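Engineer: Here's the letter readout for the chains.
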Amino acid sequence: MFKEYTKITNIIGDIIELSAEGVTYRELAAITNHNGDTSLAQVIRIDGSKVSLQVFAGAKGMSNRAAVRFLGHPMRVPYSEDLLGRIFSGSGKPIDGKPEIANAAETDIGGPSVNPVKRVVPRNFIETRIPMIDIFNPLVESQKLPIFSTPGEPFNELLARIALQAKADIVILGGIGLKFDEYIGFRRKFEEGGIMDRTVMFVHTAADPVVERLLVPDMALAVAEQFGIAGKRVLVLLTDMTAFADALKEISVAMEQVPSNLGYPGSLYSDLASRYEKAVDFEGAGSITVLAVTTMPGGDVTHPVPDNTGYITEGQYYLVNGVINPFGSLSRLKQLVIGKVTRDDHGAVMNAMIRLYAKALESKKKISMGFEKTETDEKYLRYAELFEERFMSLRVDIPLNDALDLGWKTMAECFDRSEIGVKKEVVDARWPKGA
Amino acid sequence: MIDSSLTTGHVVGINGNMMAVEVDTGSVVQNEVAFVKLPDAKLKAEVIKVIGKKCFLQVFEDTTGISVGMPVEFTGNMLAVELGPGLLGQIYDGLQNPLLLLENKQDFFLQRGQYKDPIDRAKKWDWKPLAAVGDRVRAGQWLGEVPEKFITHRVLAPLGMHGSAVVKKILPEGQYPITEKVAELEVNGKTVVVSMSQEWPVKKAIKAYKERIYPEELLITRQRIIDTMFPISRGGTSCIPGPFGAGKTVLQHLISKFSSVDMVIVVACGERAGEVVELIHEFPEMKDPKTGGSLMDRTIIICNTSSMPVAAREASVYTGITLGEYYRQMGLDVLVLADSTSRWAQAMREMSGRLEEIPGEEAFPAYLESRIAGLYERAGLVQLHNDKHGAVTLIGTVSPAGGNFEEPVTQATLKVVGAFLGLSRKRSDERKFPAIDPLDSYSLYIDQMGESLNKNLDREWTKMVHEAEDLLRRGAEIGKMMTVVGEEGISIDDLVAYLKSEMLDFTYLQQNAFDDIDCAATIERQVADFKLLYKALKTPFSFETKPEARKFFIELQDNFYQKNYAAESSPEYAKFVSKIEEIIVSGGGRLV
Ligand SMILES: Nc1ncnc2c1ncn2[C@@H]1O[C@H](COP(=O)(O)OP(=O)(O)OP(=O)(O)O)[C@@H](O)[C@H]1O
Ligand SMILES: [Mg+2]
Chain A
7 MFKEYTKITN IIGDIIELSA EGVTYRELAA ITNHNGDTSL AQVIRIDGSK
57 VSLQVFAGAK GMSNRAAVRF LGHPMRVPYS EDLLGRIFSG SGKPIDGKPE
107 IANAAETDIG GPSVNPVKRV VPRNFIETRI PMIDIFNPLV ESQKLPIFST
157 PGEPFNELLA RIALQAKADI VILGGIGLKF DEYIGFRRKF EEGGIMDRTV
207 MFVHTAADPV VERLLVPDMA LAVAEQFGIA GKRVLVLLTD MTAFADALKE
257 ISVAMEQVPS NLGYPGSLYS DLASRYEKAV DFEGAGSITV LAVTTMPGGD
307 VTHPVPDNTG YITEGQYYLV NGVINPFGSL SRLKQLVIGK VTRDDHGAVM
357 NAMIRLYAKA LESKKKISMG FEKTETDEKY LRYAELFEER FMSLRVDIPL
407 NDALDLGWKT MAECFDRSEI GVKKEVVDAR WPKGA
Chain S
2 MIDSSLTTGH VVGINGNMMA VEVDTGSVVQ NEVAFVKLPD AKLKAEVIKV
52 IGKKCFLQVF EDTTGISVGM PVEFTGNMLA VELGPGLLGQ IYDGLQNPLL
102 LLENKQDFFL QRGQYKDPID RAKKWDWKPL AAVGDRVRAG QWLGEVPEKF
152 ITHRVLAPLG MHGSAVVKKI LPEGQYPITE KVAELEVNGK TVVVSMSQEW
202 PVKKAIKAYK ERIYPEELLI TRQRIIDTMF PISRGGTSCI PGPFGAGKTV
252 LQHLISKFSS VDMVIVVACG ERAGEVVELI HEFPEMKDPK TGGSLMDRTI
302 IICNTSSMPV AAREASVYTG ITLGEYYRQM GLDVLVLADS TSRWAQAMRE
352 MSGRLEEIPG EEAFPAYLES RIAGLYERAG LVQLHNDKHG AVTLIGTVSP
402 AGGNFEEPVT QATLKVVGAF LGLSRKRSDE RKFPAIDPLD SYSLYIDQMG
452 ESLNKNLDRE WTKMVHEAED LLRRGAEIGK MMTVVGEEGI SIDDLVAYLK
502 SEMLDFTYLQ QNAFDDIDCA ATIERQVADF KLLYKALKTP FSFETKPEAR
552 KFFIELQDNF YQKNYAAESS PEYAKFVSKI EEIIVSGGGR LV
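Just so you know, the protein sequences line up as chains A and S, in that order.
If you're matching positions, the first sequence starts at 7 in our numbering and goes up one per residue.
If you're matching positions, the second sequence starts at 2 in our numbering and goes up one per residue.
Note that these hints are calculated values from the structure, not bench results.
Computed from a predicted model, the values in this text were never measured in an experiment.
Glycine included, each C-beta is placed from N, C-alpha and C at the ideal position.
Hints should not be assumed to be uniformly reliable.
What the hints assert, rightly or not - Derived, one-sided and incomplete: chain S residues facing chain A with beta-carbon distance under 7 Å:
1. Thr9
2. His11
3. Gly14
4. Phe245
5. Glu279
6. Lys288
7. Val311
8. Gln347
9. Asp559
Just chain S, with the same shape it has in the complex (with noise of 0.2 Å):
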């Protein structure tokens, strides 16, 4: 809203990103967007500290250049996002600016102060009115329709609306542009136009919902260790902490690539360009699991990478928790990864530093444990007001300074976090993958969602998985016990538990993730396979020697480990599983 009494001011100082502006004339919101004005560009700021006249900004780009003086003008917006059609399949920056659009033929370079439309103003939609004059709706529901690649998009009732309103007016059926004016409300006697955009502050949650739901459902994500052992659910959270190179981004993708989910958003925030260059050049070429359509259809991703501007990497994690709290207004099932945390961590600590805030624990400020649980808290499944659900799953990478979780960030997290997937150096450097440390890993959603996990996997699903790390603890123990010890030192029966929880760990908790089939394992496929390799950890083998012993589980495991690679019900599949079971039974083990 451009008003006469927009605020002007001219810089006084500048440090890095953080300007220092005295303002002429007129009033300062914080958090809202200020632009700097420079001899050839016109450069984006937030305010982020006011102190009487003077306010201190982050700019959101290179700075070289900004000289004391240099005029300033308010826009008296918060840093917002535009939502509507359009957004999916869209590459962005941390701050909603189409990285397509930015391209151009002769220049290869990220040129500061350009800023454009994030969504095509020009696209025509399918519009399909829901809602009918004289309805009354409340903010976020739903006033009409449009097929948006694989989803039906609704059209919300302004998410800033206070109580509710009356449709006026309504379009009919028929092909628009995002600009048009396809509804008209009446809040409290004034007049509210409405087309199928709207703008949202980042900062700020949506919750246009009638109430938070317990979360209750698992999320399918087809790795083995995640769904089995340590699931996530639908609405839930969890962390990936680890040490550099132990595959956070890697797992992330696979997850990425293979939930179960209506849409993806992958927020790159900080980290290498390269790793969103492999997406945009994969996610095209992938089908999506479940509409069977291109991955990239499903899938918005925001990439503020690390040589990127520090500030809009702060702004990035917001902006894609924004979209997705948008998309679940619509009634889906949307999941945000980001990768990774720490750097959004950092940037708010190299803020505060140059704001010479008092510092904390590694000097990030005071404010970041409320700050990651703010973050967190967004995720949720929630019931809208028509009663249908929606959620937004939360999934961040950690990045530990030297790889040590006692760290600020990973602590924090780890406060407000459902599912904790902690992976080790040690795990990653023998190549285990996923380097998941299942000693150290824990999920509360396995008995939080224990009740519908037995329901559709598993009379016993609970008891196994529990079974099953406990049989990993005691392998641990035991294979200490060994180093000390050695083989000679302990009994057989010490001997094939340790095997037995070996082959858990190397055929089951390992998925090659480069491999064409193994990537990926459907839930149905995790349940046969989980419950063939739970029959031979439960057979209670015995053998005269420990060579003995040892030959017969390299038999066995090296089938468990085939058959990971022969695809679901395939011939060969079923022919390892006959093989499996004909050598439980020849280990002394009755089939039931």
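Bound-form chain A, shown alone (with noise of 0.2 Å):
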């Protein structure tokens, strides 16, 4: 029924170009290489009669001669209940030795976005048990939230441990460029955790050709927006995204676009945010709530990858020196549950502390540079060691109100009532008997 083409005019990186007739915008073709390997494209230009393709497993051994067969409509994914459990590759292909799923919908990847009005306010408070989420930052449900590092941190770890702490109906895991042994990792996690049942895994291993990083993102998103009209909260995570970043740009490298910054094409904040906006509370439904990976290059925070996404996303976690930063770490939808859903003081503590903890940090940085020490020195050291030591070290593992009286406990044990900046009211109800 389809016509096949068998003379590629142009092969520029992964992009393959050649003349055909009735073609349509994004239509995917499928393309068997003279040696008989087979790969998926995906129409990215249309001039007059010249069709330029790019091709997911990449262009790397393909023939001009490749036979190239257009299928008349765009990237889908399937979709059932069937996927519960099963990992797949960022082409959607089956990589777990299971068959691939029969009698499925599929759906398009990349769809529209929701309508806002069709949105509800998130209201939900994700208990993570690490203080410096739970009391500073803390997680939303359908919130989108990216976390800030470098190579060599445990954000991985971070984010498996959050995926089994969430209590997410479905969670989904969208591996961009990952390494095999952190593959595993997230594998071997879910299972013992007991959420692998509920899991669904796409995953494209550094190994894997570039262009197929492009596609994961989406068929994660696209799945879990379908679990989400259905009903179920879900949670995706997608690690690393500047894999995914570094993938667009090679693209429009290929289709010689004039980049922005640094290589990156101009469209790098609409591209990031069409994904990142998926993250959603339906209204009448469930709700998708994304956490990403983002691996600053160099670790600079300024860099086109991390900057555009800080400008995408609600807030992110600096995860530095194995560590979550508590300055620069932002959970933006934190004042819909802070003292909504939360405790009543638990807004006061969090000023509080920040500001006390930057003041520790200067004093810090004083006496560094040999100042002589103040008596108001002494107090803000000695709040900066337990600071860093009951909520800080990613070891704590404690719920949210316990974390807040160990707040208190802290503010009392280094300062006086009045040194703190609470409204009285909230000091009177809580500062801690006989401190």
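Bring the two chains, given one by one in their own frames, into a single complex with the hints.
Structural biologist: Pasting the structure below:
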């Protein structure tokens, strides 16, 4: 039924060009190379009869006589309950040794946005038992939030820990350029934690073709969307979105687009936003929460990938030197839950403790420069030490309310009540007795 | 206007949202609207470049499925919005599609190719004629009025009319829908029928007024740092640049809620959908400080969030400002907020790239600066033909790449706005909100409005404000010095100046957006609070030792701070005031 073309005119990077007719924008094509290898490809530009396609498996070894067959529809992904517990590659093929998903409905990837009036204001607190998150930057259902980090930091461990703790109905992992060991790490943790049977994994490893990276977030999110509409509370984990952005860059360079910043395309913001904005709380149905990892090249947060990400997401967790840094980390939805679904003193504790810690760091700096230690400095130094040990260490694993109590206790151990800058009524109600 | 000479064409290329079309018959107008016909939908597009028989269009929707040869119909009309009663309280996308009407039960998604009437055709309005048969009127003059929510909506003579016209017929008082022919005018011997609604091309400014006038009145936002330190005038312009998460959106939302204006247009341009959702849910529950009605009643939301089509994002800012200009023609005080103008600029950049135009700095097009200037110039205070005043105030956020203000969008914006409210990463990291950097920011309006501020707020107002600014500068210098020489290295006087500037910052410039009382301070309260604080700042306290000075200021500062949480003219408020005065005296100050 579909016409086959066997004359590729240009091969540039992972993009092939040929003359074809009746092709539609973003249509999918199946390519069979002369040696029998097959790959899918997608139309990314049409200029008269000249059609450009990006080849998911990459164009390495591609013959200009390869057979190209257009399929008449854009990229799709199967969706059914049978996906649960399964693992797929970046192009959607099972890699867990089990058969293909049969008789599943197919859904287009990269579909339209949710009508904003169909969203509801997020309101559910997700408790992680990590005080740096729960107290200072609580995670809220339907939030989109990346972990900003650098290679070598335990970001994937943190991601897995939150997934195990979050009590989501469904977890979907989108692995982008994952190391093989990291992939197995996730699988093990999910199996041991007993959540594998409500998990779907799309895994692109570092060894797989670059273009396939581009599909992973879209597939993961398209499946998440279907579960969300069906009423499930879905948690999507995407790691590492910097690898995704780098794939965008490769394609745009091959397409000779004018780069805007460090070679990334001018559309980087929109490209990332269309993925992250899939996070949603549907009116009358389920939700999608997106937790991602964005590694910062050279640890530089002003690099275009973390920078654009920060402008899109609803906050970020900075994971540096093995701890979640309270400065720079931010949950923008926190005000929706703090003091509303969490305890009424939550906001006051959060603000006061952070302010005191900032002052403590100033004291530290001053003293490290050889200045005299004042009485005030002593207090702050003691506070900093306690704060780091009781709250910042990732070993700490306590529920929010215990952490808040510990916060009051810590402040009372170091300061007088007039020094903490908290509204009087709140201090009156919560200041530890006998302090 | 549909006629037989309708231009048609067919698709010859597609790249992202840029579509190349070859014209079959007829003429093409730059910026006219066309539709491409797919088997399942008709998608709206705008002509942005014409080269011989080929033209390039930006498609306002997802272009998946478009193919070479598909038919294109040109409309001959530029991208326009519909203007008339019924706009208030609406939520539109960038092309003025009413999002609430696109909503259908089964579908959560914005399916492409759906276009609905922006204004309800059936609703009847209480019409009252203002003009009489035989009157001479010019474009934009008031022919009649209808009550719309809490404002009086004037029905304007066609905005595009040249010269003057004579009123030939006008309907008497009664209830009519917007489609009703309420008047007939004669212009140069031709009859023009007028209904309550009209169309206007968004990229053209509405200029149906007598003249622009110099803005000298304060726009009250109830944000202390803005109104007192960096005020914005009615009809002025301001920008809020800042790195991500520094508080641009929260600040704009506060301004949209608490500003004393007749109406607010919020343009959510390429930012998060969730932020708009908060407004949609909050506004109907909140009170308009001016009328007591709901906030939603005075608001129009234009919402083209980041995952919605990019070309419509570019249009959204123009849609917003055009609606603002329209209501200004009624003698109203309109505030337009755009968040973020950088996304608008990026939309231009994306399209410019696809058109293969020669890129400027950071690949932005060469015309970036003139487009930004053109937008801000559409704000302003005007005198209408009937001598009434109307204002459009425009406040745009800017999202500079890497948080660096040296980038093209921030720089181009700084050249044209009157108040620069720069947010700093350092202040937001320290949770000093609003994170407007008091040392970096400025407002040209403080001196421009000086006379009226000194007349209306306090005789010494601008002098006090400038002194407060000087104190902040001095405090910052001393702070810097302390990091080098330590507290022991500075004099007690310097320490006192430093503590005063810290107190000014902590208890006045900073304001808690999430506290029911502190989130908004009326101008009367600002005047009272600022004068009391000024007294404390001007008192030359003397202390024996530095710890004594610190201890004194901890108490004084805490009282100023706690006062912020006490309701205006409540007994607690009075208690804090007298306590503060007591402390000032105890520190050696004398009360005057
Ligand atoms: N006035 C304020 N009071 C208290 N917290 C604030 C205030 N302004 C901002 N914040 C905090 O900072 C967060 C980020 O603010 P906001 O969303 O306004 O940033 P933004 O500058 O618009 O960022 P982006 O450019 O990414 O959109 C808020 O979610 C809130 O937690
Ligand atoms: Mg914002």
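Engineer: Look at each hint and say if it fits the structure.
Structural biologist: For each hint, the structure was consulted:
1. Of the supplied interface hints, the one on Thr9(S) is violated, with its beta-carbon coming no nearer than about 19 Å to a beta-carbon of chain A, more than 7 Å.
2. About 11 Å separates the beta-carbon of His11(S) from the nearest beta-carbon of chain A, more than 7 Å, and the hint is not met.
3. Because the closest C-beta pair between Gly14(S) and chain A is about 4 Å apart, less than 7 Å, the hint holds.
4. A distance limit of 7 Å between C-beta atoms decides the matter here; for Phe245(S) the minimum to chain A is near 4 Å, and the interface restraint holds.
5. Taken as an interface hint, Glu279(S) checks out: its beta carbon lies about 6 Å from the nearest beta carbon of chain A, inside 7 Å.
6. For Lys288(S), the interface hint is violated, since its Cβ never comes within 7 Å of a Cβ in chain A; the closest pair sits about 19 Å apart.
7. Hint on Val311(S) holds. Least Cβ distance to chain A is approximately 6 Å, under the 7 Å limit.
8. Contact between Gln347(S) and chain A, as hinted, is supported at the beta carbon level, the nearest pair being about 6 Å apart and thus within 7 Å.
9. Here the hint on Asp559(S) is kept, as its CB sits about 6 Å from the closest CB of chain A, short of 7 Å.
When each numbered hint is compared with the structure, violations occur for hints 1, 2, 6.
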